[in-house]
Structure formats: structure tokens, C-alpha cells
Amino acid sequence: MKLSEIAAALDARVEGDETIVIRRAVHPSEAEGPEDLALAMDKDLLALLPGSKAVAAVVAEGAELPDSIRGRIVVKRPRYAMAGLLDVFEKPVHAEPGVHPQAYVAPDAVVADGVSIAPFAYIGPRARIGAGTIVLPHVTVSADAVIGEGSLLHPGARIGERVVLGARCIIHPNAAVGNDGFSFVTPEPGSVESAKTTGRVVGTNVLLRRVNSIGTVILGDDVEIGAGATIDRGTVTATRIGSGTKIDNLVQIGHNVQIGTNCMLCGHVGVAGSTTIGDRVVLAGKVGVADHVKIGSDAVVAANSGVGTDIPAKQVYMGYPAVPRARAFEQYKGLARLKRLFAEVADLKNRLHAVDGQGKAPAAPAEAGQD
Amino acid sequence: MKLSEIAAALDARVEGDETIVIRRAVHPSEAEGPEDLALAMDKDLLALLPGSKAVAAVVAEGAELPDSIRGRIVVKRPRYAMAGLLDVFEKPVHAEPGVHPQAYVAPDAVVADGVSIAPFAYIGPRARIGAGTIVLPHVTVSADAVIGEGSLLHPGARIGERVVLGARCIIHPNAAVGNDGFSFVTPEPGSVESAKTTGRVVGTNVLLRRVNSIGTVILGDDVEIGAGATIDRGTVTATRIGSGTKIDNLVQIGHNVQIGTNCMLCGHVGVAGSTTIGDRVVLAGKVGVADHVKIGSDAVVAANSGVGTDIPAKQVYMGYPAVPRARAFEQYKGLARLKRLFAEVADLKNRLHAVDGQGKAPAAPAEAGQD
Amino acid sequence: MKLSEIAAALDARVEGDETIVIRRAVHPSEAEGPEDLALAMDKDLLALLPGSKAVAAVVAEGAELPDSIRGRIVVKRPRYAMAGLLDVFEKPVHAEPGVHPQAYVAPDAVVADGVSIAPFAYIGPRARIGAGTIVLPHVTVSADAVIGEGSLLHPGARIGERVVLGARCIIHPNAAVGNDGFSFVTPEPGSVESAKTTGRVVGTNVLLRRVNSIGTVILGDDVEIGAGATIDRGTVTATRIGSGTKIDNLVQIGHNVQIGTNCMLCGHVGVAGSTTIGDRVVLAGKVGVADHVKIGSDAVVAANSGVGTDIPAKQVYMGYPAVPRARAFEQYKGLARLKRLFAEVADLKNRLHAVDGQGKAPAAPAEAGQD
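Residue numbers (our numbering), protein chains in the order written: chain Z, 1 to 371; chain D, 1 to 371; chain H, 1 to 371.
A few of these clues could be false.
Intra- or inter-copy, both count: the list cannot distinguish identical chains.
Here are the simulated DSS-like pairs of lysine-lysine, each with C-alpha atoms no more than 30 Å apart in a straight line [to be verified]: (1) LYS294 - LYS43; (2) LYS333 - LYS294; (3) LYS294 - LYS196; (4) LYS53 - LYS294; (5) LYS339 - LYS360; (6) LYS43 - LYS196; (7) LYS314 - LYS333; (8) LYS339 - LYS294; (9) LYS76 - LYS53; (10) LYS294 - LYS76; (11) LYS76 - LYS2; (12) LYS339 - LYS196; (13) LYS314 - LYS76; (14) LYS43 - LYS53; (15) LYS43 - LYS91; (16) LYS76 - LYS196.
These aren't lab readings, by the way, just hints derived from the structure by calculation.
Can you make the complete structure from the sequences, with help from the hints?
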């Protein structure tokens, strides 16, 4: 592929020798020769170009290049250009056409054209696999599940019974979609109910009765579920994840949760049952969201936060418990200044004692800050 | 099934036409006709009944219903009634009787009557599978493991060697029971030992020696292990989880941990090695518990808490580090009022300066709160 | 094995009858007879010896033993001795020599001598398996992956395409190494970019464009990856984990992360993309580390901390956001004393009002502490 062709695919301009033929896109330090295109869109990578064997590079506007770089592609928004570059140089997974003889496909499963089903994949009774979908080794597609066209199921992905995936979904290794909800109930009000209402444990959980999950999970189009993530089915109706939403590794989504479109839920996020999340919401790593909470569209929650209350649309929240970002920063600042505040109050006490003779006269100045 | 029969199964009373024949239990908005029983036990769902195609509903005491509902079941404790309803309308997983020819069962494994072993399930040497147990696709039951009767192993569940499951256990997709403990030791005291005792890093971990795990995991009866959860084996003896305890998705239980009966550990909970948890303890989502800690029976720990110390029985703890709930609320309240406190102290300083002439006279009132 | 031989293997001294023949190492309470060696290196276990059926024990220096113990091994550093003992009494996993006929090995995969490949293991095209490596059931080794010699892949481990493992690596059940990074970009600056810079949501994520991952994961020698852990591949180059580093269950490592040698990352740790971690770093359970952060060698981060900034070498950090340990303790102490501080300031206000007549005279003493 010529440099000019790559630039055209990115809608970017090319400078210098646009006829250089490129075979790989690489980190500048890993270039082995003139066929390697060095990706140097940020400052740190740009600094590596003088020592690189590359003669072609992708750079941001205004970058200064060594003479060794004979041709360059200049991009406006480097992160976005990266997406285009990695479409051009994508390394798709190995998949052989058709159903491998060491796969299991139930006699009444329906497999569309152009599907790849690998060794040890299991397609259960009445399941339907859309056209062009790739099912890699050790995938379980359970009875009555429906997989949209052009989807990609990585090794060890578990698709539960009756679960529905839209088109072009990607389920990463060992993700499990359609597990039973974690739902148990005590005959009389149990310890959690009294702890929430009175702050004390009154009833005790001498019997935990299982609440079966008869609902399912419905994913829209272009949804990704990260490696090891777990999505529970609804109790009666469906847990739903809207089109374009991306869920990272080891995320847990509880039963009955409703998530809108184009959200991003980062690693280790946990969302408890029956919570509703709008469109384009971003939950950073390790955020926990309580049950029955509502998070408005376009809200952003900072990493490690614990969300126990509703969040309005377009708000940025952080902390534990999560509060608006400005308030959280104020609290951190206050915490950092606490030591000084204790000293100041001790000083005021001493001085006021000298004025009004009341209160206890401290034995020594060192008392401040001790406990 | 007639409405009267369902009511009898729930030990609830029926009002109106008790002869209505029901085929499905549904969310009110998903009812398609008179054979769908609308579950409307809470206010939000009740409000959907006027627009629903259902003519029969399950409701709480005192609910007001539209005329379209010709028969109703009235329940006292809606959450508990739900459990009964979903027993009646359960949708059990697809399982074919016997050992599928594409399964692997070691010649010396012992498989009881009425067992279902799916394609690509692996039953290792000398493993024993109890009567009526269902082993779904891609399950590994390793050598010498024992699975109690009536258990259900979901796709991708991993049962380690010598692990023992009681009767009626449910292991959800991709859960792993019986992994090696995370246990390493340095020849001389390492960085963690000095960090804990002196607060500084003295020794460094130039060699990490592995401590093998030769113990196992023993689960009681009616234990559930959530999707993607991981339970490590004991170093020498067994990690134990008592009967009736329910463990949610992506929970991590370290080596040698002892958990009592009827506990509930919610999503992303982590319990470090050698910790002891009593009976009926509830750990909400994302709670972390340090190693060698003791948590008393009936204790409840709020979501996202970090437990570093023992918790007495029947106490409600929260926060990081976790403290009794009342104290935690007091701290949050204090944090929220900190800004005001800084302003008040600044005001006192100014006023006391006017009285005693000591301290620094602030340049401007705006100084308060700055840093 | 004679007691004297075990002592020799541990480089420890033996006292009493050194000819006792031992078959098992056990918890004192689980000893069944004279062939069981009771491990009683700590006080709690030592206390169990009088009631134990063991006649031989391993104990720490200075331990007082009941007369029933006829022979003993005395060790200096009990935790380290445990590692040696459990090498002697290791219970290796069941593995049959050669490639099982129910495994799948691609015709062009390269399998070295002395390898064990279990039923339902999948070895993809051009993959290479080093000498003496054990591949247990349901393992996926994807195309072009390289597994070093003497490695052990537990059931359900997923090794992605082109991933490289050094010698003697252990991948625990259901771990996934080589997943796509979680990397998406909006055409215009999105909500996270504005939230980080301005604290408010300006742009919205109406389109999330996928950034493909064409890099890989490279593990050094003697690396362990815990059950259910997920390691993402680099975007262009490799995510790297250095020799001797141990990663616990359910840990998430983002794309492009670089981790040095001999680190320990405990359960539920999450490390976001492009972060760099030095050598011998310890991250305790549930620590979250933001993207593009640098953590210096020998640093220790306490459990549940959220790291958002660089950490220098040899420092101990804790809290959310993580700060040096001494400062964190100071903050916790301050928090615990806040209630008293509010009361003191209220008292000062009252007294100063009596002196200068300014400010509001409080209606009642109870006002302090209210909100």
C-alpha cells in the first residue's frame, strides 16, 4: 500500500515521497526497514524517530521530523487518525470458513451463510447464528440464543439461553452473557432491610429463598462485552444494553439493568440490579453503582467512585459516596488541610483562654494534633 | 394452570375470576393476551396495568386495579411471593439425559443415575458426579473432585482437583473453584512486611518463592458460586463455604478462607486469605476484606467498603477503612460541612486578632478557603 | 520419607526421633496417624498439637511441644519453610503424556517433546508449545502464540493470537491473555476529554470509533496469571509483564501497560492503559491505577487505593486518591476527630461572641454538630 493510499483512507494529507510502499504500521522503535510506517503522533513517539529505521511516519500537525523520514502523513486529531490507521492495518483473528467437524451444532440450530464455527464450539438447540458471524473455539451459544450478523465470539464466551445479540457485536474471551440474577429473599424482612432502614441488624437471614431468573439479555448492534465480564439476565423481562455501548473487562451488570446507547463502562465497573443508565454515559474504572439508581445521559463518573444516588444528565461525579466533581475536589482539599485546621483551632483555644480565662489551658503546644 | 392453582402454590388469596388459565408470568408491558399473568407487585408496575393486555395480575395488598384485570392474586410480602411465582414459571436449562458422546468421562470416574453430561464437558479421573446433576458444555470437573447430587454446573465452570461440592450447588458460567492460592514468600522479610510494620520499604522482593497449595475447597449444600467468581484452595487444609451461602459474580475468595452458612457476598467482593466469616453475613458489592480478619455472624457491610479489622456480630459497617455505620455517616457529614468550618475558623481568627492583636491579620476576607 | 530427609530438604534441624517415616503434611487437626507431619509453625496451630494424632511436627524456634510429639523439625523463618515443605509434598495436577485424541492441534502447530495436551484443548495454526508444557482441558492457544517450556495452562485459559509466554509460566483457570484493548475515540473531543479538562461535559459521544489492537502480550519467565484475570494486548506494540511477576485472580491489565520483574498484583487490581510499573512493586487487593501513570520500583500500594498520580520508588501509598501512607493516616485520624473539632469551634464561637459581641449567639448548645 502506498503512503498516498493510506493518507487517502485517513482523509489526511501526505508530504514528501508519497510513493513509499508500506507493509506494516509499527511503534517507531520497532521499525525494521523502509516498509514499516512509524506511528509518531505524540511527542514521546516523535522523539524516537531520529533513531528509527522507518523512512515514513504518521505525525500530528506541526511536528518537526528528522531528514531520515522521506514521507509523512499529517493528521489533525491523532487519536481519531489512529482508529483509521488500525482499520487499514487490522490483524483479523484466524477463522476458517464453515462448521468445523469438531464443533457441535444442534440439529435444529440455524446457521446462516458465511459463518465460521471453530473446533469445540457449541451451538445449542434452536439457536440462530447470523450471516458472517465468527464463533471461535470453546464458545457456548446456549439453546434459543440469537446472534446477529457479523458478530465475533471470542474463545470461552458464554451466551445464555434465549439471549439476543444485535449485529456486529463482539464478545471477548470468557465473557458470560445471560447468567441468573443474584436474587434471594428471606421469608421475613432480613438483615439488609433492617440495616438500610434502621442502621441496625434486626431480622436475620435464616433462610435464603432463590428468586429464579426467567428473563433474558438483549444487546443492541455494535455492542462489545469485555473479557471476563458478566451480564445477568432479567428476573422477568430483559436486561438491555443499547447499540454502540462498549463494556470493558471484568465488568458486572446486574439483573434488570437498562443501559442506553454509546455508553462506555470501564474495567471492574459493577452495576447492581434494576439500575437505569442513559445514553453516552461514561463510568470509569472500578465505579460501583447501587441498585435502582438512575444515571442521566452524558454523565461521567470518575474512577473508583461509589454511586448511591441518582445522577442528573451531563454531570461529572466522583468519590465515595459520589458527589459532583467540584464538591469532591473541595472535600479532598479540605482533608489535605485538616492538620493545619486542627493546629489553628488549638491556637485559637489557647489565645481565647488568655482572654476569657475559660476552657482548659493546654499543658503544652505539642498537644495540638495529638489524639 | 388456573389462577386459583397459582394462588394455592403461593399460599395467597385470589380475587375475581379464579378460573383464568395462565401460561406465562410477564412484565405488565409485555403481556400479549389473557394467558399472560402480569406481575405488578410494586407501584411502578401497578401503574402499567391500565395499558396492559393482561386480564390477570399478581398485586400487593391494597392495590387498586383497573377494570381490565378480571382476576388477581393478592400477596403479602411481594418479594417473597416473587420467589414462589418464579418457581412455578421457572425456565430450566436445556439438558439431555445421559452422557453425550462428545463429552469426555475418564474411565474411572463415577457417574450416578439421572445425570446429564453435555458435549465438551470433561470429567477427570476418579471424579464422582452425584445423582441428577447437570453438567453443561465446556465444564471441567478435574481429577478426584466430588459433585453432590442435584447440582448444576453452567458452561465453562472449572472444578479443581479434589474439590468437594455438596448437594444442589449451582456453579455459574466461567466460575473457577479450587485455584491455587496467591502465596509467595521472600527468603528475607520483604517490602510488604516492612511497609506494614514501619510504614517504609526496607527489604525488597528480589526473589518470590512459590508456596504450593495442597489443600482443597469444600462447599456445603445449596451453595451458589457466581459467574466468573474465583475460589482458591487452602494451602494445607480446605477453604470452606457453608451450606446455603450465595456468592455473586466476579467475587474472589482467597486461600484458607472460612465462610459460614447462608451468607451473601455480592458482585466484585474480595476476601483475602485466611479470613473467617460467620453465618448469615452480608457483604455488599465491591467490599474488600483484608487477610486474617474475623467477621461475626449477621454482620452487614455496605457496598465499596474496605474492611481491615474484625467486625463483631450483628454490626453494620461501612467506609474505607470500614467503621460502624453511624460513625461513617458522621464522617461524611463532617466532610460535607468542612468548607463551612474553614470559613468559620477564619472568621474566628480575624475576630480574635481584633481582640488580642495576636496572629496574622488576614489581607482580605477572600483568603478564607484558599490554599 | 524420613523426618531427617525432610529437614535436610528445608536446610533445617531435626530434634527427637529423626527416623519417623512421613507420608503427608497436614493441618494438626487433620492428622490421622504417625505418618502425618503436623504443620504447626504459628501459635494457633501449635496450640492444636496436644489434641493431634501426629507424632511429628514442623515448628518455629522456641516452640514448646507436648510429649506426644516424638520428632520435630525446627525452622527459622516459618513462612519460607512452608514453601520448601510444600515443594516436598506438592500434589501436581493430573496430566497424561502426549496429545489426547480428543484435543485439536493445528497441522502446522509445533509441539515440543514431553508435552501433555488434554481433551478439548485447542492449539491453533503455527502456535508453538515448549518442551514439558502441560495444557489442561478447554485451554485455547490461538494462532501464532508461543508458550515457553515447562509452562502450565489451567482449564479454560485463553492465550490470544501472537501472545508470547516465557518459560515456566502458570496461567490459572479462565485467565485471558491477549484480549483487545478497550480503546474507542470520538471524531470530536468527547465527554471524558472535557470532563477532565473543564470539569464539565461539553462534547458528547455520539459516535464511538473502535481503535483496533494489532499489538500483543509478552510475558517473561516464571510469570503467573491468576484465575479469571484479563491481560489486554498492546495497540501497536506489546503489553509486557516481566519475569517473576505474579498476578492474582480477577486482575485487569490494560493495553500497552509495562510491568517489571517480581511484582505482585493482588486480587481485583486494575491497571489502566499505558501505565508503567517498575520492578518488585506490590499492589494490594482492589488497587486501581489510572492510565499513563508511572509507579517506581519497590513501591507498595495498600488495598483498595486509587492511584491517579505517579508514585516514586520505594514509597508506600494508600487511600483514594492515593497519597503517602503517613499522610493518609493523618487524614483518617483527622476524619475521626472531626466531630470533636466541630464542637470545639462552636464553643469558641460562643465564647468569642461573649467577648466581642459579634457573630450570632447560638440559640442552644445543641446547635453544635447539627446540619
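Results for each hint:
| no. | hint | verdict |
| --- | --- | --- |
| 1 | LYS294 - LYS43 | between (40 Å within a copy, 17 Å between copies) |
| 2 | LYS333 - LYS294 | both (29 Å within a copy, 23 Å between copies) |
| 3 | LYS294 - LYS196 | both (19 Å within a copy, 23 Å between copies) |
| 4 | LYS53 - LYS294 | between (53 Å within a copy, 28 Å between copies) |
| 5 | LYS339 - LYS360 | both (21 Å within a copy, 19 Å between copies) |
| 6 | LYS43 - LYS196 | between (52 Å within a copy, 20 Å between copies) |
| 7 | LYS314 - LYS333 | both (24 Å within a copy, 26 Å between copies) |
| 8 | LYS339 - LYS294 | between (37 Å within a copy, 28 Å between copies) |
| 9 | LYS76 - LYS53 | within (25 Å within a copy, 55 Å between copies) |
| 10 | LYS294 - LYS76 | between (37 Å within a copy, 28 Å between copies) |
| 11 | LYS76 - LYS2 | within (20 Å within a copy, 68 Å between copies) |
| 12 | LYS339 - LYS196 | between (33 Å within a copy, 23 Å between copies) |
| 13 | LYS314 - LYS76 | within (27 Å within a copy, 41 Å between copies) |
| 14 | LYS43 - LYS53 | within (18 Å within a copy, 63 Å between copies) |
| 15 | LYS43 - LYS91 | within (26 Å within a copy, 52 Å between copies) |
| 16 | LYS76 - LYS196 | between (52 Å within a copy, 21 Å between copies) |
The earlier numbered hints are all upheld by this structure, with none contradicted.
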